[in-house]
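Those protein sequence lines, which keep their order, are chains E and Y.
Going left to right, the first sequence walks through residues -13 to 429 as my numbering numbers them.
Going left to right, the second sequence walks through residues 911 to 1221 as my numbering numbers them.
Do not rely on the hints blindly, as some may be mistaken.
Covered by chain Y, according to a simulated footprint, are these stretches of chain E (three or more residues, beta-carbon under 8 Å) [what the hints assert, rightly or not]: (1) -10 to -4; (2) 69 to 79; (3) 200 to 213; (4) 254 to 268.
Hints were generated in silico from the structure; no laboratory data involved.
Where is the CB? At the ideal position from N, CA and C, for every residue including glycine.
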Amino acid sequence: MRLNPELRRNLWLELTATRLVAMPAILGGIFLLTVVADGHRLGPGTAGTALAGIAGLTWFWGAHLAAESILSELRGRTWDWQRMSGVGPWSLAWGKLAGSTAYPWYGAVFCLLVFSLSDQREYASPARLLAAVLLGGALSQAVALLGALQAARRERAFTRAQSTAWLALAALVIYPLVAVAFSEHRIHWFGITLEPLAFALRSLAAFLAFAVVGLWVQVRRELKVRTLPLAWPAFALFLMTWVAGFTEGEPPSPAGYPLVAALGVATLLTWATAFAERKDPVALGRLLRALREERWRPAAEEAPAWLLTLPFVLALAGLLVAVPALLGASDPWTVRWTVVAGLAFLGRDLALLLYLNLGARPRRADLFAAILLLVGYVLAPLILAALKWSAGTALLLPNPEHAPVAAASGLAQLAGMVFSLSRRWRERQRAVAEAAAAAPASG
Amino acid sequence: MIDVTRLTFDYPTTRALHGVAFRLPPGSITALVGPNGAGKTTLLRCLAALEAPVEGSIRVGGVDALADPRGCHRQVGYLSDFFGLYDELTVEQCLRHAAAIRGVPAARERDVARRAAERLGIADRLGTPAGELSRGLRQRLAIAQAILHEPRVLLLDEPASGLDPEARHQLATLFLQLRDEGMTLLVSSHILAELDAYSTDMLVMREGRIVSHEPVAGALSRRPTARIAVALARPYEGLAAALAAVEGVTELRVDAEGATFVAPADAETQGRILKALVSRDVPVAAFAPERRSLQDAYLATVAGRGEAVGG
């Protein structure tokens, strides 16, 4: 059977004779020092160093290399060639993930060997803890590679330093999960009390599975394999459920709290992906055209991620507006107006992002939008609060204390942005039509 | 082999292709020419199914490139103008990897890689890392990777840039060889002299539109006048008078070794001029219309067709 070509290419690059010798030599030196410090034995200090070594190699270096495996192809202008290859999306995805990180894993094997031979008395469940650290490494690498692939769809030129950003993202994702593994506090999740390490292991495995599926889907898209966007809504649903579980504590919370948590997650995902994704007016035009022509599959394939999580936001918000008693609040209208205000501000932000990206300088649109929103959501409310005019903050964000004002302000801003956006879109369509009319079809 | 209809491609801020349509027959080598920004690279990327157009259709080797991009990838070899190589791999590793990802069976992988290296004259560099190759050798390696899986269609964007004259000649020979083996080639280049050597058709683009598409032979012969050179076997003083007396001869320049002049390009007129010279006992050693280059044909096409043509 043939070795996965992408894995083999990476092994050719990563596992050279010099590097194969260098890794154990350096690790051997480090463990020699810890053994001496442990009183000439494989003591707890050596075990801790080995565990830290696995984490350092796989979580950080591995994540950096995983991100680099895509970004270096873009810099080196080899990615288009890969996209045209006969290798399937799954082979390319796992070949890249396993191949680019082969060297850190090679080092991790030595650390693992030392850990297994060392004094592990300080750890209650060393094997399961080790599994959590290893899963954390794999998740970190998958997230970094996924982030780099997502970034590649947005932009085609990257510096080496930018792969560090994906490493940071990966660290951000895995930190809370691995922190749970080392925690001594029991986890309450949907009313069930769980041992932290068991919960962390299951969570890590689930997140890793989603990351790998996401990786496969992104590679499919890069390879121009037509793909229905099912993985992202599935992950959103999973994350909403996972986070919602933490709202069930002691004493029991109102029944609507998990819904609020899920709504928060869906809103955050919608907002974050609206920023992260490329807002290509050409793709947007294709989507609108497919919708107009009722070609649902192409429309679904073109749909941006933020549009896929928006139905969750609308459904949960609708439920809270319809049944505000779920939150146990004394004034149902405050709940309703607050939810409406939140929706209106989210809609305004999405419209603002699209409006700026349809402008003459789309490259800086997201940065400009971020600055505007930072001023609107943070700086201006802080100034108003300093001036002791808290009601004024309701004009800028969904303030529950002045919910009707916030809802009215949000809806007015939403209407204004949607009007501006539709006018800019029409102007753009007119300009395209005029350009096409000025240049008759050729052949 | 390539059938394109109403192909329109938009970038976020500009339209790059305006309803482009053309058909390339199997076994042709088509020169894709046009000024910078004409849309040549965008067209090649659409044909390689790397970009999705706004509208139109592309069929490559019978495969619908929009409905089945992966099927199109199997049909096509593509070399972009700014290609990349895996610099840390050796030439042999690059070629073996190319063979593997293009579905060449493992048992044949090494042989196919070596054959490609021999075809491009880099067989003596198999152990050299790609990053240590000269610009010309890198270009050859990239072409070797593009043709290694014997695609039915080969799309090349500026394949000869950076190559020395000898390498360009080898490249022209290779293209003709590939054409003879049944491959269809579409070659974009700024160096029109190089395209002269192997092109069968010329596709001229400007501002995202096809300005002309015709056989090179037609493009070269389609002209009302030609400059003709006459060489003398020995000095002959009456040459200027003899030529001036012939109807249709203009822009006459005479020196001790012969003359050049412009006359109608048809063979009948040229035969009449030659007959007039011989009848006056002018010692003609050679009589030949100057060969028109692809560049002349291109410039004439662009100058003569400011507007896009239909059909």
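Evaluated hints:
Using a Cβ-Cβ cut-off of 8 Å, 4 residues of the stretch -10 to -4 of chain E lie near chain Y, which meets the minimum of three, so the contact claim holds. Remark: the stretch 69 to 79 of chain E is confirmed as covered by chain Y, as 5 of its residues place a Cβ nearer than 8 Å to a Cβ of that chain, reaching the required three. Evaluation of the coverage hint for the stretch 200 to 213 of chain E: fulfilled, as 3 residues show C-beta separations to chain Y shorter than 8 Å, against a requirement of three. Here's how the stretch 254 to 268 of chain E fares: 3 of its residues keep a CB closer than 8 Å to some CB of chain Y, so the rule of at least three is met and the hint holds.
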